[in-house]
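Asker: Using the sequences and the accompanying hints, generate a full structural model.
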Amino acid sequence: MEKTITQRSAWDKVLTKLQKRSLWMLHYCTGCGAVELPPTMTARFDMERFGIMPMVTPRQADILLITGYLSVKTLKRVVLIYEQMQSPKYVVGFGSCTINGGMYWNSYATIKSLDQYIPVEFYLAGCMPRPEAIIEGFTELIDRIGEGKANSWEDYYKNYEFYRKNQEHVFGTIDTRTDIPDDAKYFKIGEVEK
Amino acid sequence: MIADNYLAHTADPRVRKPEAATGSPRIEEEIIKAIQDATGNESFSLKAPRRIEGPVDSDRLHTLASLIWSRVGFQHLSAISCVDWLAEDEFELVYHFWSYRDFCLVSAKTRIPRETASMPTVSDLWQPALFFERDIHEMFGVVFEGNPDLEKYILSDWDGPPPMRKDFITREFAHDHFHFRDYEPDWDELVKGGYHSNRGEGGTDV
Amino acid sequence: MNSVIGLVVWIVFYPLIAFTVGVFLGGYGRKFTARVQRRVGPSWIQPFFDVIKLMRKRTNISHGYMHDISLMMLVSGTMLSLYFIPVPGFHYFSQFGDFVVIIYLLLIPSLGMALGVGETANPNGSIGISRALQMLFGYEVPFVLTFIGMAMLNGTTSMYELVQIQQSGGIATWGIVTHPLLGIAALFALQGMMNEKPFEVIIAPHEIATGPMTEMGGKYMGMMFIQHLINLFVELTIYANLFLGGAKNWFELLFKLFVLFTLILSVNSVFGRFRTDDAMRFMWKIPLPLAAIGVVGIMLGIG
Amino acid sequence: MSELVTANDGSSLMPGAKSLENREYNLFIGPNHPGVEGNFALKLTLEGDTIVKAKTEAGFLHRGFEKLMEERLFIQNIAIVCRICVPDPDPNEENYARAIEALADIEVPRRAQFIRVLVLELSRLASHLFTFGGHAGTIGLYTMPNWSISDRDRILDLFEELTGGRVYHIYNMPGGVRRDFPAGFASRVRDVLDYIEGRLPDYDNLFFNNRILRKRAVGIGVLPRERAMEWGTTGPNLRAAGFAHDVRKDDSYEVYNELEFDIPTLKDSDAYSRLMIRRKEVVQTIGIIRQVLDKIPEGPVWNKQPNPLKWRVPAGDVYVRSESSKGEYAYYMVSDGGVRPYRVHVRGASVTHGVHILENLLVGTRIEDASQLMFSLDACPPEVDR
Amino acid sequence: MNTFLLLIFPLAGFLIAALFSAFSKKGLVVGKTFAFLGFSAIVLVAIMAKSEIGSIIYGPMMFGWQLQFGLTAISWYFALMISGISWLTVVFSLGALREGGTYPMYYAWLFAKNLGMLGVILSQDILAFFIMWEFMSWTTYFLLQQGTKKARSTAMGYLIYAIIASMILFAGIIFLHQASGSFGFSEIASTVAGFDMRTLILAAVLLLAPMLIESAAYPLHRWMAPAYSSAETGITAFLSAISTRIGLYGVAIFLFTVLGFTAMKKLSAGHYFNLQVVIMTIGAFTMVVPTFTALFQHDAKKLMAWHSVGQGGYMLVGLATATSLGVAGGLFHIFTYLTYVTLILFCIAAVEYRTGTTNLNSLGGLIKKQPIAYVGLLFGIIGLAGIPPMNGFVSKWLIYRSLILGGHPFLALAAFIGTLGTILSVYKLIHNIFLGQLPERYNDVKEVGFFMQLPIWILMLVVLGTGVFPGLILGWVAKIQVSLGVEPLAVTLSGVQASAGQLNMNVVSSVFGATMLVAFIIFLIGGRRRIVGQYNNYAAGHFLDKTVKYNFNYNFYSAYEHIFGKRFLNPPVKRGEEGLVALVERASDFARRIYTGGLNTYLAYSLGAVILMVVILKGAI
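Chains as they are written, first to last, in this note's numbering: chain A, 1 to 194; chain B, 195 to 400; chain C, 401 to 703; chain D, 704 to 1089; chain E, 1090 to 1710.
It should be emphasised that the hints constitute simulated quantities derived from the structure, not laboratory data.
Check the hints yourself; a few may be wrong.
Once the Cα atoms are required to be at most 35 Å apart in a straight line, the calculated DSBU-like pairs of lysine-lysine come out as [said to hold, decoys possible]:
| id | chain 1 | residue 1 | chain 2 | residue 2 |
| --- | --- | --- | --- | --- |
| 1 | D | K983 | D | K952 |
| 2 | E | K1458 | D | K756 |
| 3 | E | K1457 | A | K185 |
| 4 | D | K1013 | B | K303 |
| 5 | A | K185 | A | K165 |
| 6 | B | K303 | B | K241 |
| 7 | E | K1535 | A | K188 |
| 8 | A | K188 | A | K17 |
| 9 | E | K1635 | A | K165 |
Nothing here was measured: the structure is a model prediction, and the numbers come from that model.
Answerer: Shown next as structure tokens:
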């Protein structure tokens, strides 16, 4: 029943064009890459040119920026916060550590591949990515949203079992108080795979 | 009581001793002698400029530390380090004391057995020891008797063995517990359809 | 208003006009602040994009029916007060309710918001509301006193008549000219009313995580945005009507609004925020005595 | 429910209703909150808006650096130690290199020592500018971060030119530094220093002399000198309490004892003086960098070392200290004569400021001031977590 | 005839209920039924009595004067309110009183209290007024005792004030009788008109002071909140709604009928200082100070009790303006206040019935469990805060207008400050009871039963109905104004038609409705929404569960404490007064030991002493 990209109505396209100009980023410094965000936000690179603003609470945020390595302890919080965010939501993996663990590949405390735990829209490679790279990434994200392609968040609803399994493998069961499969049914987001 | 002692040792901040700041050996010899007088411990020696170190028995450490603290004036506990000597089956605890008065660092080293790793706390003398001891307790499993707060702090979500012990191999743990990226992704697919998840076996991208 | 159709057209389009003006004011505000901060700043209609984005969120969470209703109260209360504010070409409703009504109608959004935020059961929100309500004492008291002064002076509590009186006499009869003390006091109060720094204690992201907005996401936040934008228009227009002589036409009105807003923004962008109690102390130390002196002057002038 | 209801005798309160009355509630600041520096959490218990109990929670940034270092070659570790403190990474590299130099008895060329001082001080400058922005952010003065952080970017550009990295430089090697100045670098450093010095009056007008900042920061989180020393405060926070302790002078390293600079102190030891001490240090730091540029000798920048992949450092242990922008930094390194360090213990500057001192100072302050207090202590969570 | 029945029915009810409670051991159901029937009858009689306005019934002779009772426009207004609120209280009590409770004379005293109040408002001469006044005060005392043990001591606090008020009033009556030789209102009024300044001041003080004490005007207001709040909650509602307002009835009668405008005009020293301004200033203080005391209460009933003090200030100010707008505002405010305060206290009682507490620091999140009580409370607080479209707004609007246009800017400001304080404290009330986190122990709480819901529904309807159509009540208020000799208000069904600006509540409400609809449409345009549990909440990345108390309610408005300091909340007056009450209690304790009876015995003695005093003073007359 779900509308695919090609079935979008003209009205929908217009609204998406407007909508993509506003992206709010969750103010959550998960890793050391966060240190490059203040320069990106402030006068020199000025992220707000693209309508991107930092936001405090997950309820208002569109982008969850995982700025670098994630320790297991943080991953729990990230999952909680990711589930608290309102769809559509976009996860951007930031830096090499999110892709393959980076230089912490043998650390007992950090995860090695972010997309096993939450769906990632795309990664920004580098350690750490420069503000130019961040802005490049964001414009890429804006373009994808405009084209209706940025739908990775649906993956979490559709393949919740997979993500849940991986999460539980790392840190056991947690109660985020959000019933994702039921939410998927309620909000009519895709089909939940058995 | 503690505050009084600090007051007694706290020199006026504006009156500095430039000759001390340059670290003349004379002062360090005086300190070694003062430690010797105060504690009767003769094993402390000058290792490098402004660095004095010596071994202490684990059961005498607290006494010695309090004497160093109260008579010689080493008011600053710079750090407590722990080294796991697996081969000797011992933990070595190194207490680094700094004197604001004499500009000199004293490292007191003590060894305790690995199995029954336990030390009296020095947090009654130096408050920063609260953190260092809790940290060592978490990372090595050393119990500090008398420390009021040895709860897990940094590793509060960790249920494995104390990770800094030498017999804990982090590489193996990481390989067992974390999913490593499969390094043969379908790049064409990634470029075309937007990157979703590389879900290993069975998973298909949307 | 000689034709019913004209009236209906006004009633339908007035909120839209106010919203549009609010969008531009909001965008201008962000652009202006950005320029002070040596940035480029967002688009002029950035608030509009934000609203569209927020209203198009697929999943929204609510904490209960009061949470929903509170947002409706928020928007409707602001729209309601909007209708009672006379602007060039439209003052139909201002005959049915005077300034006292407007002041009270402006409390509906606050109360609605407070109730909804209360239901979200988030202490950040509750602290924010507690601060917001306490701040009412800070800015409403001098503001109401200045209004009482103006009403006493002109012998009417109707905002439309106040505008007419000021319009008829030209600049010399503007409230800010005849009673500069009241005008300045009200300007301070306006700064607080618009929740701009240094009186921005309600949102305070570093302290209470945006306070009342903490649990607002998606369309809830979108409605808050809509209310905020209309409110910009409402509050600035109230001040313009009371002290800047209202306006003969919309160009004049918009000019006054943007000038006034610039004034407020320039203070906003170079100050941090007060603590709640300091903010109230400030309001009681400067604007309130100013307004009181002004009112005493008016009383003596009458007596 | 019926057992709760004892309203039959007209009593409006159930027995023990007083005990049900729970005045305290919990409020969390962080990890997902702008009011904390980095990924860190304050778990507050409040009564009204006053903090009655404060607990910190760290470990969100724990990567097990000390463990990782034991698994890597000496040379490999240079690349990861800088990650321990994100805003001010260079003391880590310098300390690590100096520890190896002490163990292996390596001579560092004088030019390299001067360059190290230059890098350290530039890093300190960058870190302080960052802190100013953060502190201003906590009181809602967002113009200041926009100014100071974009000014900090000029320093990062210098780093990029010198080392190739904006944030992490991986520049200090055992035996010296990785490369010499590019052509014309010194004059560009001077330009940036002039620029930043020229900006300081603007900062003063906007921020340091801002009456609202004074209103909010004066008298917040007072840490008397005796108590500061008891709690192991170091660095600018200790100097703000009126005690002139600076590792650069007292336990001098590199060529600091050849450079002239003051140790500014303030007496009040509140959030405002902790901020102002950093403001004063910026001036000192600019002076130090100018002296470095004036006095820097010509010569090699690196004593060539044997093949780093097979490099064995003699057995022994060493404790090296340095003064970072946050306070005392120290590395305790033990080598067993192998190719990898046997044990490296990192004593970050924030382990005292960010944990127990913060917890103690928070009690009795108000929720409004919590994050300002943390930023005034300039506690850097990754140093705590390692 | 109906007027007569208005006195007879409560009297009979009192006697029967008293007998009943004396002889029946287990009679709550019977008592409830009897009270319900009895009060229904009184309401019916009160409604039917409208046609008898203007008639006079002569009572027994006393002191050579035949007591007169009768209905006027204002007394019918009050009679309707008294009987109506009593009926609602009884209906509420049908559900709220539990079997096996210790309410020995609950309904008897309720009847007696009704008799006293109806007697006061029906009395057409000053002697009858005094006698009924005395009766009312004593029944109030006994009614107050029907609560906790604490209520006994706080009731004593009330009694001290009541006795002082009676003494002053008694002195005033003697004084006026001496001067005019008559007890009739009109005779006294004509004599007063001839008084010189000093005598007039004496007369005004002697007549108005007791009324102000009874209506709990500043600074004689401190008895009320502790006394009312420690009573049983239904009684708190009843008492704060109407009992104190009898004092305002007295103010209205004495101000307009006995003293008259001439007195006000005479008692002046300049434009800004006369009797009117003095009363208005008292009113202004009454508006502001108790409202702020309410702000810092931690008990819902106490908070509301302080508000019932504070709201009295508005009525007093309104009456004292003696303008068309102001008097209408004051009189209408008595009605509006009565409706929403009863509503609020009934809702609080509904919560108390289920949770057993009214402590604001231990409740929370009950909106999910008791939605009807919540909506009731919401309507009530919107009314109390005076926000459109509830009726509280109309009465406050009238008072504001009269103050602003009457040239009293600072009084108007005080009224506004009082309103702000009200908004703050009622928000605290609703937030701490119904919003926020639901403690685990209240997971099983249910909505209350039909009989407790019924008055809530009725009052909600009234609060909204008279807000949208204020003309329903204002029409009668205008008639009262005529009878009091004030220029009547130009009233329409939808509001007020005044010279300088009108108020049309129909327009305001319908625009409100329309904008609400628009807002609802905007709400629907947005995506689907889902209601989540209370622990699905932003906690800066922490996991919430029931062990975390994540609810801010204690010391809700702490910034004021930072500004004023804690002394602000505990002024010296209060301490002195507590000392006085303690002293009297000790004395009564001593007396109890002497007479070996209960407290009631002691009271009977003191009642006897008062009567003795009357007899002695009779000689003077």
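Asker: Now, for every hint given, state plainly whether the structure supports it.
Answerer: Results for each hint:
{"no.": "1", "hint": "D:K983 with D:K952", "in the structure": "holds, 17 Å"}
{"no.": "2", "hint": "E:K1458 with D:K756", "in the structure": "holds, 32 Å"}
{"no.": "3", "hint": "E:K1457 with A:K185", "in the structure": "holds, 24 Å"}
{"no.": "4", "hint": "D:K1013 with B:K303", "in the structure": "holds, 30 Å"}
{"no.": "5", "hint": "A:K185 with A:K165", "in the structure": "holds, 20 Å"}
{"no.": "6", "hint": "B:K303 with B:K241", "in the structure": "holds, 13 Å"}
{"no.": "7", "hint": "E:K1535 with A:K188", "in the structure": "holds, 33 Å"}
{"no.": "8", "hint": "A:K188 with A:K17", "in the structure": "holds, 23 Å"}
{"no.": "9", "hint": "E:K1635 with A:K165", "in the structure": "holds, 26 Å"}
The structure meets every hint from the earlier list without exception.
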